[in-house]
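**Student:** Given next are the chains, with one letter for each unit.
Protein chains: 2
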Amino acid sequence: MKRGTAVKTRDRILKAALGLFNERGEAHVSLAQIAGRLGISEGNLWYHFRAKHDLVLALFAELEERIERTLSREPASAGADLAYFGDYARQSFRDIWEYRFLYRHRFDPDAESELAQRIADLTERAHRRTERILADMVARRLLAATPQEISELAANAWIISRYWFDYLQERHGLARITEAELQAGVKQLFALYRPYLTEAARGQIAAAHETAPRKKAARG
Amino acid sequence: MKRGTAVKTRDRILKAALGLFNERGEAHVSLAQIAGRLGISEGNLWYHFRAKHDLVLALFAELEERIERTLSREPASAGADLAYFGDYARQSFRDIWEYRFLYRHRFDPDAESELAQRIADLTERAHRRTERILADMVARRLLAATPQEISELAANAWIISRYWFDYLQERHGLARITEAELQAGVKQLFALYRPYLTEAARGQIAAAHETAPRKKAARG
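Here the protein sequences come in this chain order: B and S.
With our numbering applied, the first sequence covers 1 to 220.
With our numbering applied, the second sequence covers 1 to 220.
Worth double-checking, as some hints may not be accurate.
You can't tell identical chains apart in this list, so a pair holds if it fits in one copy or across any two.
[Stated by the list, open to error] No more than 25 Å apart at the CA atoms, straight line, and that leaves these computed lysine to aspartate or glutamate pairs for DMTMM-like:
(1) K52 x E65
(2) K52 x E199
(3) K52 x D11
(4) K187 x D81
(5) K187 x D121
(6) K187 x E152
Honestly, the hints are just simulated from the structure, not real lab data.
Taking the hints into account, I'd like the entire structure generated from these sequences.
**Tutor:** Structure follows, in structure tokens:
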């Protein structure tokens with residue numbers, strides 16, 4: 001097998017596994033079903049991943065990288081434009097949505113101690129990143145918050161976004177989550193930050209609401 | 001078996017089951033272990049509960065009643081005393097802590113549709129109750145919030161308290177949750193409400209902080 005093909009097959013397997021895990025829950029998906037969806041042999045799949053747990057670990061590594069990328073990105077502008085900071089929230093909810101099977105899973109810290117440790121590390125790093133973003137917003141006079149408030153906000157923001165889809169599924173019974181629910185999550189997170197916005201930041205929101213309908217009309 | 005004894009045995013079984021489910025996770029506890037802890041026969045246990053699922057349902061009914069009681073209680077004073085409202089948060093975290101195995105469990109909405117529906121109903125009722133409490137605080141001039149803000153606060157408060165112990169376990173790896181973590185949850189929830197407190201409410205907090213050390217000194 002050529003190296004290029006192997007890499008491509010590996011990526012295709014991960015993508016198919018992610019899709020099936022998200023749709024059905026990882027407990028209800030077998031390696032045979034993943035091979036079947038791709039039209040490859042189980043032997044070929046086994047060449048890349050020996051067990052379902054290896055797939056879970058590889059997808060978790062993708063998620064780690066994704067969250068790191070989302071939260072370490074510099075805002076597109078060095079100025080005091082609130083809109084650039086909204087992207088962190090929107091992209092975070094997208095990351096969670098794309099890897100939602102990992103968020104549904106409750107890891108057993110005893111049986112999966114390595115993964116539990118990586119989740120703990122990821123959670124800590126994400127808190128530090130979020131605190132840095134919020135401190136940046138304070139420096140740009142978009143947010144008024146003390147270091148203590150920033151730390152509390154980062155924790156509450158993590159809880160609200162990380163458990164958002166769990167919450168929706170419990171509150172509304174059956175699972176039927178769409179783009180609209182993702183947007184509702186972003187809104188719910190913004191509600192957390194709203195009291196801390198400066199007058200300047202509130203002014204930007206008001207101005208955006210005024211111009212938005214006009215933009216829509218121009219497009220239509 | 002006399003009726004009084006049967007009722008007492010049923011209560012003892014529920015208490016033992018709750019303790020074991022909380023300690024080990026319900027998946028790792030058998031009916032035999034529950035009978036063993038109580039020193040009763042499996043036949044006696046079976047007379048009350050035929051399957052583990054029946055125990056889970058009975059404990060869930062207890063939790064429903066508990067949450068209803070906590071959130072429907074009238075504040076101890078008709079006045080504008082913030083301290084009376086702190087009890088809702090403290091008692092809510094205690095309720096969650098006492099029935100924590102139910103909060104750790106992720107129900108499969110397809111396999112356990114009746115329970116999923118009851119969880120959805122419970123979540124809705126708790127939201128309405130919390131909104132009423134917050135509206136009451138607005139009426140007493142302790143909180144300044146619009147109906148829209150009250151609805152957002154109730155949802156965020158539910159998410160933070162309902163997932164608080166999950167969050168701690170993920171963030172710190174292994175499970176070792178004590179009274180201190182429960183208090184940290186109350187604090188984290190208060191952080192959510194803080195920006196909405198009126199000047200009068202903030203004044204009460206400042207006054208309480210001033211008198212607290214003196215009280216402590218008097219006690220010691």
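**Student:** Are any of the numbered hints broken by this structure? If so, which, sorted upward?
**Tutor:** 2
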